[in-house]
Amino acid sequence: MTVLLHLAWRIFRDSPKAFLRGAALGVTVLAMGAALLGLSGWFVTASAAAGIAGIGIGFDFFRPSAGVRFLALGRAGARYGERMLTHDATLHALAMLRGRLYGGVTRLPYEAQTRLRGAEALNRLTSDVDALDGLLLRLVLPAISVTVVLGGAFALLWWLVSLPVATAVLAVFLLGGGVALRATARNARAVAEADETALQDLRARTLDLAQSRADLAVAGALLHREAGVTAAIDASARQRNGLERVDRAGGAALSMTTAAAAAAALAVGGMQAQQGAITPATAAIGFFAALALGEGMALLRRGLAELGRMESAAVRVMALASTPARPAPARRADPVPGAPLLSVEALTCRRAGAARDIFAPVSFTLQRGETLLLTGPSGAGKSTLLSILAGLIAPDAGAARLMGHAIADWPEAELRDILTLVPQRSALIAGTVRENLSLALPQGTALDEARAWEVLDTLALGAVLRARGGLDTRLGAGGSGLSGGQSRRLCLARAILRAPKVLLLDEPTEGLDPATAHRVLTGLRRLLPEAGILIVSHRREDLGTTPHHIPLFPATTV
Amino acid sequence: MTDQTQRKRRPVSPAEAALRRLAAPIAPALRRAGWLSAVSECLWAGQAAVAALAIGGLVSGQAVLSPVAAALVFLALAAVRAGLDALAGRLAQRAANRLVADVRLQLTSAARQTPRADRPAPAELASLAAEKAVMLAPWAARYQPAMTRARIVPVVLLALTAYFSWAAAIVLFVAGPLIPVFMALVGMAAKEASERQMSEIGSLNVLLADRIAAIADLRLLGAEARAGADLATASDGLHQRTMKVLAVAFLSSTVLELFSALGVAMVAVYVGFALLGEIRFGAWGGPLSVEAGIFLLMIAPEFFQPLRDLAAAWHDRVSAQAVAEEAGEAQRAIAASGTILGHGAAAEPLPPAPFGWHGLTVRPGPEAPPLHFPDAMVAPGGALGIKGPSGAGKTTLLAALGGLIRAESGEIRWGDVVLDDETADRIRAGIGWLPQTPRFIDAPLSEALTLGRPGDLAAALRAARAEDIIAALPGGLSARLGDLGGGVSGGEARRLMIARAHHAGARLILADEPTADLDPDTADAVLAGLMTLRDIGAALIVASHDPRVLAAMEQVLEIAPQTPDTEAEAAQ
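Protein sequence lines correspond, in order, to chains H and G.
For the first sequence, position 553 matches number 553 in the UniProt record's numbering, and the numbering has no gaps at all.
For the second sequence, position 240 matches number 240 in the UniProt record's numbering, and the numbering has no gaps at all.
The set of hints was computed from the structure by calculation and includes no laboratory data.
This one's a predicted model, so the numbers in the text were calculated from it and none came from an experiment.
Positions of the beta carbon are idealized from the N, C-alpha and C atoms, including for glycine.
A portion of the hints provided could be inaccurate.
Stretches of chain G that chain H covers, calculated by requiring three or more beta carbons in the stretch to come under 8 Å of a beta carbon on chain H [what the hints assert, rightly or not]:
1. 53 to 59
2. 64 to 71
3. 129 to 137
4. 436 to 448
5. 512 to 521
If you want the ones that stay clear, here's a sample from chain G, every Cβ over 12 Å from chain H, calculated [as the list claims (entries may be wrong)]:
6. A17
7. S40
8. M147
9. G356
10. G359
11. P366
12. P374
13. D420
14. I427
15. I536
Could you build the full structure based on these sequences and the hints that come with them?
Below you can see the structure in the form of structure tokens.
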């Protein structure tokens with residue numbers, strides 16, 4: 001619960017005015033509903049009493065009946081306003097939350113970021129954000145409205161009816177509502193988490209079966225694996241049934257609370273009326289107002305049903321959104337004059353829990369205008385070495401220096417200005433080619449179109465893009481719409497537009513025919529004459545007359 | 001009320017028809033749940049009567065029921081109603097969950113048998129079976145019972161109202177049907193807009209997911225802040241558009257509330273004036289009694305309640321229809337793509353024998369023209385290379401040989417045994433499968449390699465020279481790789497696949513481009529692994545471009561391109 005309140009407070013702070021106005025209207029709606037039914041009950045009962053007493057002519061029926069009409073119309077209007085305000089504020093808050101979540105993800109360590117790439121993790125993340133849209137709309141704001149209106153109703157009932165009636169109504173609502181809230185809150189999170197876990201398990205198993213069905217069929221394991229999916233389907237249905245049992249119990253408790261409050265008002269008010277302490281019409285006010293306050297309970301019920309799901313989503317979202325900032329280097333790094341762009345000494349790395357290093361210690365230097373080729377068998381750790389040089393992961397032994405300073409000593413922004421890595425599985429984003437290329441530029445800078453076309457033409461992409469809509473060609477999610485080789489070259493173009501001093505390329509020519517590969521690599525040097533370029537490739541022939549290559553060997557088992 | 005007759009006249013939309021087909025098995029349970037909740041709602045009339053008698057007694061001084069007794073009966077009836085509601089909820093929700101489970105089972109069992117890995121796309125299938133199928137439940141559990149209630153409760157309450165006062169009944173009778181009319185008018189405007197908005201909210205999630213998936217690249221480009229700002233701009237734009245939609249959508253529920261509130265207010269005012277004696281018409285023979293007046297006032301809101309429930313559940317219906325349609329499409333696509341031969345169950349392998357085919361014609365896809373393959377035969381310990389340009393059908397041939405795609409004509413034989421539904425599982429029990437893209441099931445590596453078969457995994461890893469790969473993995477054999485072998489390199493993944501074939505004791509290896517995208521040294525290691533399988537008596541059938549691989553084969557079968565070479569173009 002604490003995490004929900006904490007998150008609610010954060011969301012509230014994003015647009016306090018809108019939420020306060022929304023809450024005020026929410027209170028108005030509920031109060032007008034109670035007033036409408038209370039007034040109607042009083043009006044009918046009082047009219048009857050006046051009719052029986054034969055004083056119908058003297059009875060002021062205009063004001064009550066006008067009041068009934070005003071409340072009926074006003075309530076619908078207030079409800080409309082409340083919905084617009086609170087939804088507006090919630091949409092705003094969710095946009096901020098998405099932004100915070102994104103901000104938190106940017107601060108995660110590299111390994112954690114790569115784990116978020118999978119469909120399952122992304123799916124969970126977005127469904128968590130969606131689960132939280134009801135936090136203020138259906139839980140916090142109704143809870144506020146109900147509390148305020150209950151308090152107001154207590155005061156009004158005391159004034160209009162009597163203290164015993166007011167006390168009875170308030171006590172029943174507080175007690176019943178409290179019991180329902182506590183019972184639901186205690187079970188909800190565990191049940192909702194079990195339900196969500198069962199769903200994600202089902203999803204993973206279905207995906208697995210669908211992806212591996214050929215392998216499984218040939219291995220004769222298809223039926224066995226399908227039985228696992230069937231079990232997951234059953235488990236998910238069971239968890240859902242459990243979740244709904246808790247929800248039904250909460251709903252029953254809330255509807256009984258309303259009935260008990262109305263019954264209490266009827267019994268206490270009726271007895272007082274029999275004793276002559278209040279009029280029957282006044283007693284009716286208490287009964288009808290208690291019935292109308294039940295609407296608040298119904299509002300709370302929906303929020304309660306989502307409580308568990310929201311709580312578990314909030315825990316994950318808050319954890320991600322409050323990712324601590326990456327450790328910043330203690331001091332500024334100024335390039336050491338005369339130092340090579342990159343110098344690597346006896347560098348090696350080991351995966352956590354693995355029995356040996358990934359590669360044998362490696363040393364080399366990279367100078368301005370130099371191109372180096374990093375070669376080695378598949379699995380020797382070429383990509384890992386590039387990640388270390390790009391400051392994404394830390395080496396386990398040895399040193400890597402950029403312009404004379406250890407890579408870890410460079411502030412993130414300056415490091416990225418100097419050095420750019422184009423990984424093997426580079427990702428584009430949904431949007432236009434222009435938007436994708438602009439990502440490479442400092443914020444607020446517009447793309448220099450002439451330079452962009454020069455780079456695209458050099459990389460043999462110009463003709464393809466001109467035929468499809470130029471820089472405004474739209475790409476789908478993950479850059480879909482381009483072939484593998486085209487998107488790789490677009491990623492390369494993006495990196496070149498940054499004009500880095502050091503460019504690290506992981507398999508830049510994979511998926512290209514030899515002629516295009518040669519054109520791309522020679523063009524690269526022409527576009528960045530001053531840069532030091534380190535290329536990982538197993539297609540040595542693409543590079544023509546590259547001066548040096550650095551072999552990387554797998555480490556031997558120790 | 002009017003829905004029954006409307007349904008007969010109005011043609012059912014395809015989406016609604018799909019939904020009803022899916023829900024047919026649980027329809028009786030939903031009807032029972034609807035009736036139970038309708039009875040519960042009608043019991044409100046009993047509660048209203050008790051309260052009316054008590055308050056009326058106070059006014060007239062002739063109490064039929066003391067306030068305390070009335071309160072107790074009122075409470076007892078409420079308890080019965082809560083019980084009925086819980087029962088109805090349980091019935092409907094369990095039926096809804098059964099519906100969801102049934103749809104999931106149908107989808108997975110159908111998808112299991114489809115021959116091609118990409119149709120329907122695994123990710124879409126998983127999302128349909130998981131989070132989308134769930135959206136059928138609220139429709140079954142909320143909308144359907146609300147529909148039943150909307151047909152019963154207003155009629156009963158209208159009759160009760162009319163019993164006491166025809167004037168009050170007319171007020172309800174006029175206000176009630178006006179609601180659906182006005183809601184339909186507003187709803188029509190809102191529907192299209194809200195559908196657009198739903199898909200846009202989805203697209204905002206896609207936008208976020210897209211950026212998070214690319215976060216490592218954004219960091220390398222120093223573009224984290226810039227992409228974040230883009231996200232904020234997109235969110236703001238969506239926010240503005242969504243509010244415009246909501247402004248219309250909320251109008252429809254406001255209309256509903258307005259009419260129900262006005263209906264209740266008019267009944268209240270009528271009853272008040274009638275009791276004052278200002279109005280002398282509307283009741284049957286004589287003035288309205290106090291009890292009747294209060295009773296009418298209390299049941300008026302409940303007259304509108306089922307309609308409000310129905311309106312609240314309207315979205316459930318729209319989204320359930322969309323899911324039902326999508327499930328129907330997926331099932332049609334699955335049905336169109338045919339089934340694999342046999343069941344894919346474990347079976348006793350056949351003794352080693354020559355494997356061959358003749359007169360083979362296979363369609364690569366349901367709409368594709370059939371491809372003809374030249375005959376060939378490979379003996380145990382033999383090696384057959386299959387060569388041909390991209391798109392010539394090498395992968396299709398291998399899938400047909402493994403019984404994963406049905407041949408249009410021709411015969412595939414393992415010795416004397418012809419590949420068909422009866423023999424497919426036994427023939428496959430002797431086959432080792434090396435797809436071009438290695439796949440690892442979501443399980444510890446030991447299980448992903450054995451796939452549940454008994455045998456000596458360590459020996460298999462040794463034979464495939466894959467022990468060093470395991471040693472470099474965190475957790476060794478208990479490591480979980482990504483589905484495409486994330487965690488090991490492409491060459492390592494292929495060597496693990498060879499170890500898998502070793503472990504399975506495969507007598508025939510079907511390998512698709514085993515050296516594609518590998519450097520020469522790694523390609524040699526993979527080829528050597530294949531050759532050790534042949535040396536222990538397995539037959540090899542290897543589709544490849546690689547001249548070195550083809551040179552290692554005893555015979556090479558060349559497949560000529562038979563269709564315009566679109567696949568090769570797409571690959572560029």
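Right, here's what the structure says about each hint:
Interface restraint, the stretch 53 to 59 of chain G with chain H: holds (5 residues with C-beta to C-beta distance below 8 Å; minimum three). With a threshold of 8 Å between beta carbons, the proposed coverage of the stretch 64 to 71 of chain G by chain H holds, since 5 of its residues qualify and at least three are required. Check result for the stretch 129 to 137 of chain G against chain H: holds, 5 residues qualifying (beta carbon to beta carbon below 8 Å, three or more required). Residues of the stretch 436 to 448 of chain G lying with their CB closer than 8 Å to a CB of chain H number 4, which satisfies the three-residue condition for coverage.
Only residues whose beta carbon comes within less than 8 Å of a beta carbon in chain H count, and the stretch 512 to 521 of chain G has 5; three or more means the coverage holds. Every CB of chain H is more than 12 Å from the CB of A17 (chain G) (nearest about 25 Å), matching its label as outside the interface. Taking the minimum C-beta to C-beta distance to chain H, about 10 Å, the non-interface status of S40 (chain G) is violated against the 12 Å cut. Listed as outside the interface, M147 (chain G) is consistent with that label: its C-beta sits roughly 20 Å from the nearest C-beta of chain H, beyond the 12 Å cut-off.
For G356 (chain G), the condition that its CB be more than 12 Å from all CB atoms of chain H holds, with the nearest at approximately 18 Å. Chain H leaves G359 (chain G) outside its interface by the beta-carbon criterion, the shortest separation being 24 Å against a cut-off of 12 Å. Non-interface call for P366 (chain G) relative to chain H: holds, since the shortest CB-CB distance, roughly 17 Å, exceeds 12 Å. Annotated as non-interface, P374 (chain G) keeps its C-beta farther than 12 Å from every C-beta of chain H; the closest such distance is 24 Å.
Every CB of chain H lies more than 12 Å from the CB of D420 (chain G), the least distance being 15 Å, so the non-interface label holds. Listed as outside the interface, I427 (chain G) is inconsistent with that label: its C-beta sits roughly 10 Å from the nearest C-beta of chain H, within the 12 Å cut-off. Interface exclusion of I536 (chain G) from chain H stands, the closest Cβ pair being 19 Å apart, more than 12 Å.
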